[in-house]
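Trainee: Using the hints provided, position chains L, F and R relative to the given structure of chain E.
Chains as they are written, first to last, in the numbering used here: chain E, 1 to 115; chain L, 1001 to 1115; chain F, 2001 to 2115; chain R, 3001 to 3115.
Don't read these hints as lab results, they were simulated from the structure.
As a list, the in silico DSBU-like pairs of lysine-lysine whose alpha-carbon atoms are at most 30 Å apart:
(1) 2065(F) - 104(E)
(2) 2026(F) - 2065(F)
(3) 3026(R) - 3104(R)
(4) 1034(L) - 65(E)
Number of protein chains: 4
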Amino acid sequence: MDPREDSGIPAEDADAAPHHGYSSNKEAYLRRLKRIEGQVRGIARMVDEDKYCIDILTQVAAVNKALHAVSLGLVEEHIGHCVVGAASEPDPTLRADAIDFKVKEATDAIGRLLR
Amino acid sequence: MDPREDSGIPAEDADAAPHHGYSSNKEAYLRRLKRIEGQVRGIARMVDEDKYCIDILTQVAAVNKALHAVSLGLVEEHIGHCVVGAASEPDPTLRADAIDFKVKEATDAIGRLLR
Amino acid sequence: MDPREDSGIPAEDADAAPHHGYSSNKEAYLRRLKRIEGQVRGIARMVDEDKYCIDILTQVAAVNKALHAVSLGLVEEHIGHCVVGAASEPDPTLRADAIDFKVKEATDAIGRLLR
Amino acid sequence: MDPREDSGIPAEDADAAPHHGYSSNKEAYLRRLKRIEGQVRGIARMVDEDKYCIDILTQVAAVNKALHAVSLGLVEEHIGHCVVGAASEPDPTLRADAIDFKVKEATDAIGRLLR
Chain E
1 MDPREDSGIP
11 AEDADAAPHH
21 GYSSNKEAYL
31 RRLKRIEGQV
41 RGIARMVDED
51 KYCIDILTQV
61 AAVNKALHAV
71 SLGLVEEHIG
81 HCVVGAASEP
91 DPTLRADAID
101 FKVKEATDAI
111 GRLLR
Chain L
1001 MDPREDSGIP
1011 AEDADAAPHH
1021 GYSSNKEAYL
1031 RRLKRIEGQV
1041 RGIARMVDED
1051 KYCIDILTQV
1061 AAVNKALHAV
1071 SLGLVEEHIG
1081 HCVVGAASEP
1091 DPTLRADAID
1101 FKVKEATDAI
1111 GRLLR
Chain F
2001 MDPREDSGIP
2011 AEDADAAPHH
2021 GYSSNKEAYL
2031 RRLKRIEGQV
2041 RGIARMVDED
2051 KYCIDILTQV
2061 AAVNKALHAV
2071 SLGLVEEHIG
2081 HCVVGAASEP
2091 DPTLRADAID
2101 FKVKEATDAI
2111 GRLLR
Chain R
3001 MDPREDSGIP
3011 AEDADAAPHH
3021 GYSSNKEAYL
3031 RRLKRIEGQV
3041 RGIARMVDED
3051 KYCIDILTQV
3061 AAVNKALHAV
3071 SLGLVEEHIG
3081 HCVVGAASEP
3091 DPTLRADAID
3101 FKVKEATDAI
3111 GRLLR
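This is chain E alone, in the form it adopts within the complex:
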């Protein structure tokens, strides 16, 4: 079994898209990422138009903040969905392994966000 599959969620339909924590908010995430993409394009335009460096840095900080909000949302849904999913695995040995794997993976991802 691929430990990255969401444990505890029966794969009823092989053609179905996987159900990750964020799937229910997919449209909202896509809108936020679209806006961030536009902000990055705006920063490039500021550089191209020789705007003042401090104003550019302020925009970079705004993109950082928007990305942080997106990543926190993903972390929240990952913990609530994938980690908790692992905890509902019926076999105790598989469950302990699945939990350890998911928790370690989530913590590593958070560590990369903290840098």
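Mentor: Only chains L, F and R this time, still in chain E's reference frame:
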């Protein structure tokens, strides 16, 4: 005088673009921002394709890192250009004020990057 | 019920210390925090002895890094212990609430670390 | 010449302590670091008393924030004092080198704070 003008840099030609610290590396900054824009678009595609949340978080961390590198570059050129420019203002009173203004402004921008 | 109690962990002995995720590594955490305390004292000594500001900033960055490692460890144990504990609550309604509460709480704490 | 000496500041008295940017606020820095040291000791006490992990994480975030404020203060005084000091070096060749050195050094230190 607008304190945001680069002190000490004579405005020889009113039509010339302002010379900020990053101007000489403009093309490199535009390339890096283009790449970051593509990375953000890639994250949106991952969300759209229901990719695994941890892999998305890894990409978000990569964009954070790339933005940090851009902002550090801008900070370096701002300090070396605008702050040092203020320090070459001949009038001592104007110079002290210009330096204070630029240093405070740079520190505030760094504080926003540190969050 | 105090939602901050570790759900799913029976309170067998009222006098027992609560069992948090980090309890088994308590000595290691105390040693690391002792070392961080010493590092902060070392920074104060550097300021007192007029050491070079850049060297002081390097030490501050080292303390930041050590604190990040401690907080990541606490996050890992919190998710693996308290969040997963909530997921083992037998009553489905209580369980859903307990999970939501713990996940939100963990995400808020991570958000404060990201600032 | 040690490029880490504050260029442009005459060494009038060999016995005098070096004058770094933060020297005039030394007492304030020492007080803030004393308080941070106490906060770290408080975190160790919370671990020792098996306090709730989320509350410990909140305190760690508070120490991070206090350290950030200290480092921003040091960065501000370093730029205003050491970088600007380099800019007042009378010999143009030495000046350009001293500025480059100081600006690079400051940016590297900021980069370590951003991680």
